[in-house]
Amino acid sequence: MDLGLSEQQELLKNAAREFLENECPETHVREMEEDEQGYSPVLWQKMAEQGWQGLLIPEEHGGAGFDFLDMCVLLEEFGRALVPGPFMPTVLGGAVPIMEAGSDAQKAEFLPKIASGDLIFSLALTEPSARFDEAGIEAKAEVSGDEVTFTGTKLFVPDANVADYLIVAGKSGKGTTLGIVATDQPGVKVTQLQTIARDKQAEVVLDGAKGQLLGAEGDGWKLLQPVIEKYTTAECAYLVGLSQMDFEIAVDYAKERVQFGRPIGSFQAIQHKCADMVTDVDGSRFIMYKAAWAIASGQPAADTTLAVNMAKAWCSEATRRVVAHGQQIHGGIGFTKDYKIQLYFRRQKRAEIAFGDSDFHREAVAQQLGL
Amino acid sequence: MDWSDSPDQAAFRKEVREFIKSELPERYRAGNDGGEGFEGGWQGDRKSDDPTRRDTAIQWADALSKRGWIAPAWPKEYGGAGLTTIEQFIYNQEMAEAAAPMPGGMGVSMLGPTLIVHGTEEQKAEHLPKILSGEVAWAQGYSEPGAGSDLASLQTRAVRDGDEYVVNGQKIWTSGGHNADWLFALVRTDPEAPKHRGISFLTMDIKSPGLSLRPLINMGWKHHFNETFFEDVRVPVKNRIGEENRGWYVGMTLLDFERSGIAGAISYKRSIEQMKQFLATDEGKRFRREDWETVRLELADRAIETQVLFNFAFRIVSIQNRGMVPNYEASVNKMFGSEMHQRLARTETKAWGLYGNVWDPKSEHAPMHAEHVQDYVGSVPHTIFSGSSEIQRNVIATRGLGLPRG
Chain A
1 MDLGLSEQQE LLKNAAREFL ENECPETHVR EMEEDEQGYS PVLWQKMAEQ GWQGLLIPEE
61 HGGAGFDFLD MCVLLEEFGR ALVPGPFMPT VLGGAVPIME AGSDAQKAEF LPKIASGDLI
121 FSLALTEPSA RFDEAGIEAK AEVSGDEVTF TGTKLFVPDA NVADYLIVAG KSGKGTTLGI
181 VATDQPGVKV TQLQTIARDK QAEVVLDGAK GQLLGAEGDG WKLLQPVIEK YTTAECAYLV
241 GLSQMDFEIA VDYAKERVQF GRPIGSFQAI QHKCADMVTD VDGSRFIMYK AAWAIASGQP
301 AADTTLAVNM AKAWCSEATR RVVAHGQQIH GGIGFTKDYK IQLYFRRQKR AEIAFGDSDF
361 HREAVAQQLG L
Chain B
1 MDWSDSPDQA AFRKEVREFI KSELPERYRA GNDGGEGFEG GWQGDRKSDD PTRRDTAIQW
61 ADALSKRGWI APAWPKEYGG AGLTTIEQFI YNQEMAEAAA PMPGGMGVSM LGPTLIVHGT
121 EEQKAEHLPK ILSGEVAWAQ GYSEPGAGSD LASLQTRAVR DGDEYVVNGQ KIWTSGGHNA
181 DWLFALVRTD PEAPKHRGIS FLTMDIKSPG LSLRPLINMG WKHHFNETFF EDVRVPVKNR
241 IGEENRGWYV GMTLLDFERS GIAGAISYKR SIEQMKQFLA TDEGKRFRRE DWETVRLELA
301 DRAIETQVLF NFAFRIVSIQ NRGMVPNYEA SVNKMFGSEM HQRLARTETK AWGLYGNVWD
361 PKSEHAPMHA EHVQDYVGSV PHTIFSGSSE IQRNVIATRG LGLPRG
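Taken in order, these protein sequences are the chains called A and B.
So in the working numbering, the last spot in the first sequence is 371, and the numbers never skip.
So in the working numbering, the last spot in the second sequence is 406, and the numbers never skip.
Chain A with its partners taken away, still in its complex shape (with noise of 0.2 Å):
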């Protein structure tokens, strides 16, 4: 029993943090937020060559072949960091799919490239209903032996402007399909979304749009579930990351904004929302490492599905009340533009409300406790 890091994570932390204060300053973070693509293809290359699109990946496909608890240490650096661009949806959308359900073909075909940083991948789930489950798939799927036809309507499909693949969901008469989908084909359109989080969301409409079919048909729902508990839970690892480094700020500025002749920060109601702050982004930490553990230690399916529900809806509604105080120790400036703070409490909701926000998944945390 021991809520320490081992040594190869406390490793791949310090690495993944050092890399990414050079790498990944807040002008690049800034200045994806303008860029078309959202991303830096030369960082993209960088972090490949770090070996962290291939982390998850097992070795005979390129990969480090690392744990999923090692995943959620280095997606905590890119909270802390705010990564732009493909990263998580080509990880969790679409190595993470393919590793679950693929094929030995599929894997061979796509799980290399994804490694080495040359393929970048999306999951298109949720639609215009915005809804997270299996009803809220209306997109239809038809089958016709190994290759699968998508007609629908997306919302919401991170990065979908520069996948080069989507693991798209829709239902056929046998219920829910996956297929590996190429976005350069005449039947996607996509549209992107300016949002809050100035990321690159968007509407993907599917027009007879032609992929590999992923897992069997009818199975689709049954094989998105890990999926879909590994993706929460590195959504709370980034939520860990990004409220850490807001709640830092705001500690500093406490420190040395001065008013009435002394630091803010000697004044008890900025003290004590400070050690709000430390207590939500620290039991966001373990929560989501209890997530983490439960699925790479492969723990009792129902002991696992309650600690990712139990994780995000915690980290969900911890993390905005962390990025809210770190707002307002900032008074006036913290409304600024140019001031870095905005930036975190922009990105926590989008992070917040990705899989499900705190409501959904307490919903999901009373039934299963049999509420």
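A portion of the hints provided could be inaccurate.
Going by beta-carbon spacing under 7 Å, a handful of chain B positions derived as facing chain A [stated by the list, open to error]: (1) Asp2; (2) Thr120; (3) Val295; (4) Leu297; (5) Val308; (6) Arg315; (7) Val332.
Not everything, but these chain A residues come out facing chain B in the computed CB check (under 10 Å) [unchecked claim]: (8) Gly4; (9) Gln37; (10) Pro41; (11) Leu69; (12) Val251; (13) Tyr289; (14) Ala301; (15) Ala302; (16) Asn309; (17) Ala313; (18) His361; (19) Val365; (20) Leu371.
Hints listed in this document are in silico derivations from the structure and should not be mistaken for laboratory results.
Glycine residues also receive a C-beta, built at the ideal position from the N, C-alpha and C atoms.
Guided by the hints, dock chain B onto chain A, whose structure is given.
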């Protein structure tokens, strides 16, 4: 990062669990207290006039004593079991899961460790065995009417007269004083020195002439604590622990005793489970408010919070297990646990709507023996004692985060 037991840990856990299963008296098994609760806890039983209560307390203590589990954290040479931090954590967890009473009180948890570090051989020989046997129960005399959060400003005066101190003053919130045999107290021996450096740590027989207790009934109509008055109480100098005027630091003794407070997290988790089980019964459904949707989701939140609290407690143990001393983490743990406790009591009481009025555990109109309603009141001081939430936040901010003092 690992929430599971190593093979050694699993074996120890099994040992504790089986011990509890075979040795815990019927009377202490969960739900067997006939709705009375435990006025005075195990120590109340131990001192009770009722032979059944007294004998049960002794029987349980004897069983624990054979394993050195009255004071499992004490080194073996002092009659403890010398458990490691993780073993203590597992032991405390299992005892909390079974809601088994832990005999020993302040003697085991506070005075014993202080003696082990600071006491003379004579003091250890006099007091430690009687703490272990349960023969002597201890109470703590720290707070005063004028010294609560600012404990170091305490004024109870001890003046040296030959080989005795003459003590005058008053203590308050003396928990369990009415069931105690001896008292340990912080007293001022040098009023001229800076406040933390003029305090001494004294022990005294509660029956000393001039020492009197007056019950303080709390807002739940319960007698838990007392006022303690000192009128020219003579205390031998040899009863002082540690050096004169070093008492504050003696009192702050931190051994590597498991300080996670895990029992709280587990008792809140059990409370939610028991409530859930009751709500599934016909009786539960009858008491449950009609419009219970909101409370249902609040209960889910409370369940999530017990996980968060468990992790905070686990973090303390994890830090100690790595040979380090928890700092602000202990304050986060206490603050979160106490506030969560109050939220829990509020949520649970809400489930009963108007039945949240019923106080009498024996009433036919009391859901679950009115335990939540009583806890709603009983949890009020939790954010105040052992360092109020306000103090904890100050400590987190200044000692933990380095924010400047006001």
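Quick rundown of the hints versus the structure:
1. Asp2: Result: holds, 5 Å to nearest chain A Cβ.
2. Thr120: violated, 37 Å
3. Val295: violated, 9 Å
4. Leu297: At 5 Å from the nearest chain A Cβ, Leu297/B passes the 7 Å test, so the hint holds.
5. Val308: At about 4 Å, which falls below the 7 Å cut-off, the nearest Cβ of chain A leaves the hint on Val308/B intact, so it holds.
6. Arg315: holds, 5 Å
7. Val332: The hint holds - Val332/B has a Cβ within 7 Å of chain A, the shortest such distance being about 5 Å.
8. Gly4: It holds, given that the least Cβ distance between Gly4/A and chain B is near 6 Å, below 10 Å.
9. Gln37: Constraint on Gln37/A not satisfied, violated at 35 Å.
10. Pro41: Violated, because the Cβ-Cβ distance from Pro41/A to chain B comes to roughly 34 Å (cut-off 10 Å).
11. Leu69: holds, 6 Å
12. Val251: Holds: closest Cβ of chain B sits about 5 Å from Val251/A, inside 10 Å.
13. Tyr289: Constraint on Tyr289/A satisfied, holds at 5 Å.
14. Ala301: violated, 16 Å
15. Ala302: violated, 14 Å
16. Asn309: Where the cut-off is 10 Å and the nearest Cβ of chain B is about 9 Å from Asn309/A, the hint holds.
17. Ala313: Hint holds; Ala313/A Cβ to chain B Cβ min 6 Å, cut 10 Å.
18. His361: Check passed: Cβ of His361/A comes within 9 Å of chain B, closer than 10 Å.
19. Val365: The hint holds - Val365/A has a Cβ within 10 Å of chain B, the shortest such distance being about 4 Å.
20. Leu371: holds, 5 Å
In the structure shown, a violation is registered for the earlier hints numbered 2, 3, 9, 10, 14, 15, in ascending order.
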